[in-house]
Amino acid sequence: MLQNPLVVFDRFSHLFLEGLMTTLLLSFLTVFLGTILGSVIALCKMSKFKPLSLLVTAYIEIIRGTPLLLQLYAFAFGLPIATGLDLPRFQAILIALVLNSSAYVAEIIRSGIQAVDKGQTEAARSLGLNPVQTMIRIILPQAVKNILPTLGNEFIMVIKETSLASVFFVGDLMTMVARIRGSHFMVIEPLIIAGVIYFIVTFTLSKLVAAYERRLAASD
Amino acid sequence: MIKTVDLCKDFGKLKVLKSVNEEILQGEIVSIIGPSGSGKSTFLRCLNLLEKPTGGQVFFEGVDITDKNVNIDTHRQKMGMVFQLFNVFPHLTVRENITLAPVLTKKMTKEEADEKAVQLLKQVVLEDKIDEYPKRLSGGQKQRMAIARALAMDPEVMLFDEPTSSLDPEMVGEVLAVIRGLAQTGMTTIIVTHEMGFAKEISGRVLFMDDGRIEEKGPPEQIFGDPKSPRTKEFLSKVLY
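If you read the protein sequences in the order shown, they are chains V and Y. Start counting the first sequence at 1144; every next residue gets the next number (this note's numbering). Start counting the second sequence at 54; every next residue gets the next number (this note's numbering).
Hints should not be assumed to be uniformly reliable.
List of simulated lysine-lysine pairs, DSS-like, C-alpha gap at most 25 angstroms [unchecked claim]:
id	chain 1	residue 1	chain 2	residue 2
1	Y	K66	V	K1261
2	V	K1193	Y	K121
3	Y	K66	V	K1191
4	Y	K281	Y	K71
5	Y	K270	Y	K291
6	Y	K66	Y	K105
7	Y	K121	Y	K131
8	Y	K188	V	K1288
9	Y	K105	V	K1188
By construction, these hints were calculated from the structure, which means they are not laboratory data.
Looking at chain V on its own, in the form it has when it is part of the complex:
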């Protein structure tokens, strides 16, 4: 017998909201730290020093070529066994998510930088600016316009992907679904509620990203 999801939500609202907060926190930290790490990786990949560029290319390909769930297992279970390092579960999962996201963000940043017309670099260098000045004053301000919308979409992707972390009961939205299922034997209702919450959050964010993109297009 299916119960009214609204009633179920009312009853467990503190769990769903706590789960949503954890999901958003995990996603935000993932994309924020992933962007910092991803920027460094993107610069390494564009480096003229070949060994460095090859190394990070391998990193990016391996991360993007293996499932996130496998990477989560590796950090949650594999790392403590391999190194004896016993990180709290949340931290271990966060590290795995950040490493995963950094590979995707690195490619977003790299392609955003490379999408800036080569003539911009030539003009800046012809004026006598050095490569660092050219990057900071000419290329990056223009690349940010290409990067920000895609980074917004990455954030939306990560919100959905963090649900995989519920396998390790990190307290995200899907963890709450599993908890309610386990304690009250409700399967469908929590799924519907979680699905609606995920949808509202990602749909709103993707509309915001689209609006931002339109504003950028208008300013060009």
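Assemble the complex: chain V is given as a structure, and chain Y must be docked to it using the hints.
Then chain Y, alone, in the frame of chain V:
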């Protein structure tokens, strides 16, 4: 002022420059003409090393700038360049486009650069656009701003890479007028161009390039009036009709 010795440039198997030896003197106005793919733009871009030569040397004021130990940036600061596609900085206003390099390279204070920008914009007849963004400018205005941007560094030589090739016809005149005015101030000028009439009018010397070499060079009256090389004759008969 600028001298190339056995200058070569390959793009993979394609030999774009085949040992070019040329010297451009202070105050000279030199036009480089020739068919597409003859290497004239590549030659110009090798002069400030935007294109890295694969062989030979480029001397600028006696210094071999192809030497790895030379800081190319300090030499580029004395060589202004204007591009076919303008390459204005779209995220900066006209004023910022012009003042960015002098301030960043510590050549001028912000106030000096600002003063210079106003003066240069008067010179290129664009002073009313000083606080606009480039997207509000026409092609001809963008190119005139790009010329002002290059001049802001007080260069010793100006390199023009087909400065009017991507302009609407009615805007070519205003850009050529600015270049003409500049040439009259005695600025050393090297210009790659398809505007034969303009090359003939302003140049002290014309280089005709074909197949990666300087096929013929001389005063414009001789190149346009009495070309010696059959290749030059053929080219001019096709473009001057």
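- Are the Cα atoms of K105/Y and K1188/V separated by 25 angstroms or less? This hinted pair holds, its Cα atoms lying about 22 angstroms apart.
- Message: Need the status of pair K281/Y, K71/Y: alpha-carbon distance at most 25 angstroms?
- Response: 21 angstroms, holds
- Message: Check the hint pairing K66/Y with K1191/V against an upper bound of 25 angstroms on the C-alpha distance.
- Response: Satisfied, since the Cα-Cα distance of roughly 22 angstroms is no more than 25 angstroms.
- Task: Would you check the hint for K188/Y and K1288/V, treating anything up to 25 angstroms between C-alpha atoms as holding?
- Result: 16 angstroms, holds
- Query: Straight-line Cα separation of K66/Y and K1261/V no greater than 25 angstroms?
  - Reply: 23 angstroms, holds
- Keeping to a limit of 25 angstroms between CA atoms, is the pair of K121/Y and K131/Y held or broken? 18 angstroms, holds
- Message: With the threshold set at 25 angstroms, check whether the alpha-carbon distance from K1193/V to K121/Y stays at or below it.
- Response: 19 angstroms, holds
- Query: Does the structure keep K270/Y and K291/Y at a Cα separation of 25 angstroms or less?
  - Reply: Holds. K270/Y to K291/Y sits at ~18 angstroms (cutoff 25 angstroms).
- Query: Quick one, are K66/Y and K105/Y close enough, alpha carbons at most 25 angstroms?
  - Reply: 16 angstroms, holds
The earlier numbered hints are all upheld by this structure, with none contradicted.
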